[in-house]
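Keeping the supplied structure of chain A fixed, place chains B, C and D upon it in accordance with the hints.
Number of protein chains: 4
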Amino acid sequence: MRYLTAGESHGKQLTTIIEGIPAHLQLLAEDINHSLIRRQGGYGRGRRMKIEKDLIEITSGVRHGSTLGSPISLVLKNDDFKHWTDIMGAEPLQDDTEIRRQVTKPRPGHADLNGALKYNHRDMRNILERSSARETAARVAAGSVAKQLLREIGIEVLGFVKQIYQVKANDQPKLTMQEKQEISHQSALHVIDPSVEEDMKAAIDQAKQDGDSIGGICEVHVEGVPVGLGSHVHFDRKLDGKIAGSVMSINAFKGVEFGEGFEVANKRGSDIHDEISYSEQNGYQRETNRLGGFEGGMTTGMPIVVKGVMKPIPTLYKPLNSVDIDTKETFKASIERSDSCAVPAAAVVMEHVVAWEVANAILDQFSADFMDQLKKSVAEYRERTRLF
Amino acid sequence: MRYLTAGESHGKQLTTIIEGIPAHLQLLAEDINHSLIRRQGGYGRGRRMKIEKDLIEITSGVRHGSTLGSPISLVLKNDDFKHWTDIMGAEPLQDDTEIRRQVTKPRPGHADLNGALKYNHRDMRNILERSSARETAARVAAGSVAKQLLREIGIEVLGFVKQIYQVKANDQPKLTMQEKQEISHQSALHVIDPSVEEDMKAAIDQAKQDGDSIGGICEVHVEGVPVGLGSHVHFDRKLDGKIAGSVMSINAFKGVEFGEGFEVANKRGSDIHDEISYSEQNGYQRETNRLGGFEGGMTTGMPIVVKGVMKPIPTLYKPLNSVDIDTKETFKASIERSDSCAVPAAAVVMEHVVAWEVANAILDQFSADFMDQLKKSVAEYRERTRLF
Amino acid sequence: MRYLTAGESHGKQLTTIIEGIPAHLQLLAEDINHSLIRRQGGYGRGRRMKIEKDLIEITSGVRHGSTLGSPISLVLKNDDFKHWTDIMGAEPLQDDTEIRRQVTKPRPGHADLNGALKYNHRDMRNILERSSARETAARVAAGSVAKQLLREIGIEVLGFVKQIYQVKANDQPKLTMQEKQEISHQSALHVIDPSVEEDMKAAIDQAKQDGDSIGGICEVHVEGVPVGLGSHVHFDRKLDGKIAGSVMSINAFKGVEFGEGFEVANKRGSDIHDEISYSEQNGYQRETNRLGGFEGGMTTGMPIVVKGVMKPIPTLYKPLNSVDIDTKETFKASIERSDSCAVPAAAVVMEHVVAWEVANAILDQFSADFMDQLKKSVAEYRERTRLF
Amino acid sequence: MRYLTAGESHGKQLTTIIEGIPAHLQLLAEDINHSLIRRQGGYGRGRRMKIEKDLIEITSGVRHGSTLGSPISLVLKNDDFKHWTDIMGAEPLQDDTEIRRQVTKPRPGHADLNGALKYNHRDMRNILERSSARETAARVAAGSVAKQLLREIGIEVLGFVKQIYQVKANDQPKLTMQEKQEISHQSALHVIDPSVEEDMKAAIDQAKQDGDSIGGICEVHVEGVPVGLGSHVHFDRKLDGKIAGSVMSINAFKGVEFGEGFEVANKRGSDIHDEISYSEQNGYQRETNRLGGFEGGMTTGMPIVVKGVMKPIPTLYKPLNSVDIDTKETFKASIERSDSCAVPAAAVVMEHVVAWEVANAILDQFSADFMDQLKKSVAEYRERTRLF
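Protein chains in written order, with the numbering used here: chain A, 1 to 388; chain B, 1 to 388; chain C, 1 to 388; chain D, 1 to 388.
Chain A with its partners taken away, still in its complex shape:
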């Protein structure tokens, strides 16, 4: 299973091609749109979110609501492109046309300068149009297909907000996955602990008022995972490694951890591992899940629990020093427009990125040219490991 994305932030469209999805998966545009809409929502988003009314178009790989086994292509049109045609169009300009909206002032915290130096672009719009978090919509689209596949074999994935700035949500160990999904889907902050919503909103409002931005921590739970996804036999087959790599590749993420994560440094071995028990009905079980669902690079059968930290978005109302690459003069980094906090959207992105990796691990391990075969293989595996 693999996918490529293409598209610039103000370009004509985002395009995603997904290769390797089994045949006969029920897939509707509205399933994907549901994910895209969740990504766009969230308290504290800026004006851009209102412009981007993302509605996916499935342009191949699906027929009559069901996948064919052939590559799935997904298109997200940019309704605003008509205003950007001469700025971002693929066609050459007339010789005497002045290029509008050129960017020679790199914003700290963005790819602008690094990318310009690497690709030798003197107009940094050529970088920022692609490095924009707009691309995560394409990753969400791909991940929503993965989520549909996982759902068919009893695996559910949810991303929610664990912390915004210094406001931390409480764990909700008693909630079922369905309850967590319902609560977070209704929350403007994508939390599963509504008691912190007001404080989070206040923190966002304060940041916006101060012309500043704030980040936070996202958490993803994956429930219903069979034991043994990933493998210990070679380092690059460890599933926790793959998930970590994918999460860190989300725009603005600076850290990732499983289970108790960095806290394990402060604990002793006797307090951090998950004891093993057994019941005839359920087979081997864990009493706790401190390790976040992984031992030896493989799933334990407990929920995958992974956190990622997002830095405050770098487009700031309160500007930082930077240098114009033409004049070499110092300036205060200005911005086109901005959200003051994008953590709720990031939680949705992280959910979909993790879903992709888990689905990929499933298809690595189980027969998968069509869905009935996949469901049968997974079910037999669950039964064999239960009886082991």
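Keep in mind that the hints are not guaranteed to be accurate.
Unchecked claim - Below, simulated PhoX-like cross-link-like pairs (lysine-lysine); rule was C-alpha separation at most 20 Å, straight line:
| no. | chain 1 | residue 1 | chain 2 | residue 2 |
| --- | --- | --- | --- | --- |
| 1 | D | LYS267 | C | LYS201 |
| 2 | B | LYS267 | A | LYS201 |
| 3 | A | LYS318 | A | LYS208 |
What the hints assert, rightly or not - A few chain C residues that don't get close to chain B, going by computed Cβ distances all over 12 Å:
| no. | residue |
| --- | --- |
| 4 | ASN33 |
| 5 | LYS82 |
| 6 | HIS83 |
| 7 | ASP86 |
| 8 | ASP95 |
| 9 | SER132 |
| 10 | ASP171 |
| 11 | THR176 |
| 12 | MET177 |
| 13 | ASP205 |
| 14 | GLY211 |
| 15 | GLU223 |
| 16 | GLU280 |
| 17 | GLN285 |
| 18 | ARG286 |
Calculated from the structure, these hints are not laboratory results. Think of the CB as a built atom: it goes at the ideal place given N, C-alpha and C, for glycine as much as any other residue.
The following block gives chains B, C and D in isolation, referenced to the frame of chain A:
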């Protein structure tokens, strides 16, 4: 650039094949051994470390001290294999031979049970021999070749211990890379802040005395990195993502972060980004390095600063509940032997894992069939970006 | 460099995403269209070719006629889709809708039956829509971008028809690349030897009149190739192997050979190798090119000469026995519509498939984030090897 | 499933690491040795073959005759290395040591010159030691593991000699796979048509007497293949393409074809496709196998029939013109030693290379962490497709 490792912990040997190293890199067995010896050292290691006198044998790809461009194979013989021949040998046993040292008691925190369920092994020795951290010696060997390559183009990599249990070392921002290397190489705890050594030793001693184990945090610095390694153009080309995935795949690692990492959640945008300045002599520069050397999945030219957290090693003197897979009876998980703290060794492993990813990014970006060409390409790139 | 294609033959569109093209490559839609139009032309094509007025739309990765370095997405709309919406649409059908144009009769020589068995599709339209040679338009689009890149560094690629049915064109060793391009571009049969055109047309006409189909042999020349593309160091880095794999993956291709190909079996060693000479001006040279430009999996600097054989297209007016998968009754395999000979189109496809592999080898070997760097690296390499 | 090989022709050893073989495959050194011995046999081999008494050592991944699921490493020691230690050793030489056996005279038809120019080696021993066909022993070792796996699911692979120089063996359509294996294994020429053995020997003797070399054509049959291996959904998943790429990457191979191969150009569509029939007992069947077991990049369930052509080996007693890279003077290319015909060995190599690709396709399609699961998945698939 790619590599595969093979070998079981008590098997005949560890083998590594590295494919894609340019020709004409000076490479001596002693360079690799230097890394292997550092991995084996460190306060708090168990008896096994004294048995494993790792000395690498270069069995291909190097002639007269210089790489050929062809695959490099590295062998670490297991001197103790003579005692394990009948237990771990490749040859079939006589029908009536009883297999010694079978393992039916999975240890919590290890791959034992997950792997047995996945691969349908009823003797979990078939899992633990490969999931053992012994394999990291092969990764260190591969990474030491990467380090030699990086050194030739002015890039130095150092892994050191940042925290053991609750004892945190202080940052040492004023030390040069060479000073940090010298201090950590002489430290039994692989720290660059000798003031905490006594406290760390005491923590290790106490854990050992209590029959417990402790983990900690490792940190890796990469200095001399050109701006623009990695790329923003596709999510799977972001170098911070690749490094994160690799670090998380190290045995017992549960988290990874760049720069201020999870701390960024607690800060505001105006306090977390690195302002850009310019001087005619050095080109574009950063005044700070809060983001750990990455923006937009690309290097900024500042040092890469990455931390990883290692859980306390799960082989415990103080046992945890588990279940025998034959009898299904609960038992107290015992161990063969153990270190009480492996964080100093883990810092060396992490150093080499990160070095591999950086070297790989270098070879992705620059022409590299032989070293002089690589050096020329990197030098010209440094000059072009300085003058940009 | 990598690319994915998506799209069914009668679906909404074909989509291609190309990742890894350097920045600053001049790229116009008309360059790609030129290739697509050549693929659609050729004597003996059926009605479908007139329907498919392929005009590419560049939907990302190119701005103002120049590549950005970000993924390039290319779309080929299917103008006829309005007639196929209910048959091929992504949306679910109403429960009582009868699906039109279902296919239960597999055609020998097509993917129909194999694919249906593998993917468990009882309507084989779900296979044939993707296995159709229509997909090669997407590969031509990708290859045309590769050709633009190669042209910038002095490498030209041409595919032409060497044989149709039993009519063989003569080699034209005295023609320059430019002459071969001009002649073949003007030839309805895509030959560089116009003397055989009439005989080829007659063979095609006769086959059509008989309700039969014919195949033939395509040949691709790549000129201006530097010595040393590919590598001997690992089997999967040999460029001739990669080209062979790609050519064989073209629909209906059954064989591939370099230089004298299968003829070498009939010759002795003294008659088959290419002697080496030297001149101060040109460096090392070959007097002949019997091996088709490859020794040891690497280019010799002589033109790459590769042939591929295409079977007669299996959609036949003269039907073959097959079995209906619903009734299990034998029937005479009928067809929707057909060309009697697709070899001229296949020569264009093969040209672009080979171009992709050569461009990929170029970017593997030379620095390539933007075109000026690529041009400089290749030029310096040419000079170094000339003076070696 | 993936593997890397390492090792120079006169170096210490050849090493292969295979990653991705399921657990519980019975694997003995003698199975691999059987393949290696067949590769070394064959009429017309030179002195070197007698020196190389290849006996494999399994150094990991196998315990008590059964695979663990972890990477398998295989070592072929070079018994003659003691005579080459100072020439090929990894250790640096003393400053005043003269390097023996330097090569400055490139042999036409070898990688020598292309590789030297690419890697900037002035001693071409640094190229020829790796480009030597000696490396194919490592590929045979890997392929022999694949063959063991295939045998367990009822798939047999045989490579034999179809033509040497102008002596063509007849097809033997009535022989069973077992008969073909027995006959070819006993034939000094690895043919399944013993009637041509004398003529082939005479051709080899004559070539040797004339100081010349001859090539020929190898053929591989794969029987017991399920329908639907490979896939039509994306060009790089077509199994015939992968096999073609792998076969072409064998040293000295210049062409590859399936079924009637290049002959299809001379035939009409009505004579080249394989009609489909059906019986309740066997399901869908083909009456003929002109396409060599492939339609649409997928297997048809008929035997895979693939041919490859090997050029006469370029190490010639009758020398060709070449140029000394130091003096730039023309010389007659001499050789160290040579076989006059290596086609019988090449047939064994090709058998193992094809076996690898087929096994890889099997593991892509079926669940495969351990052999019982693989066998069950394949058996169920065979049954489902029979009843389709």
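A quick look at each hint next to the structure:
| no. | hint | in the structure |
| --- | --- | --- |
| 1 | LYS267(D) - LYS201(C) | holds (16 Å) |
| 2 | LYS267(B) - LYS201(A) | holds (16 Å) |
| 3 | LYS318(A) - LYS208(A) | holds (10 Å) |
| 4 | ASN33 | holds (25 Å) |
| 5 | LYS82 | holds (34 Å) |
| 6 | HIS83 | holds (36 Å) |
| 7 | ASP86 | holds (36 Å) |
| 8 | ASP95 | holds (40 Å) |
| 9 | SER132 | holds (29 Å) |
| 10 | ASP171 | holds (34 Å) |
| 11 | THR176 | holds (30 Å) |
| 12 | MET177 | holds (26 Å) |
| 13 | ASP205 | holds (49 Å) |
| 14 | GLY211 | holds (49 Å) |
| 15 | GLU223 | holds (23 Å) |
| 16 | GLU280 | holds (23 Å) |
| 17 | GLN285 | holds (21 Å) |
| 18 | ARG286 | holds (21 Å) |
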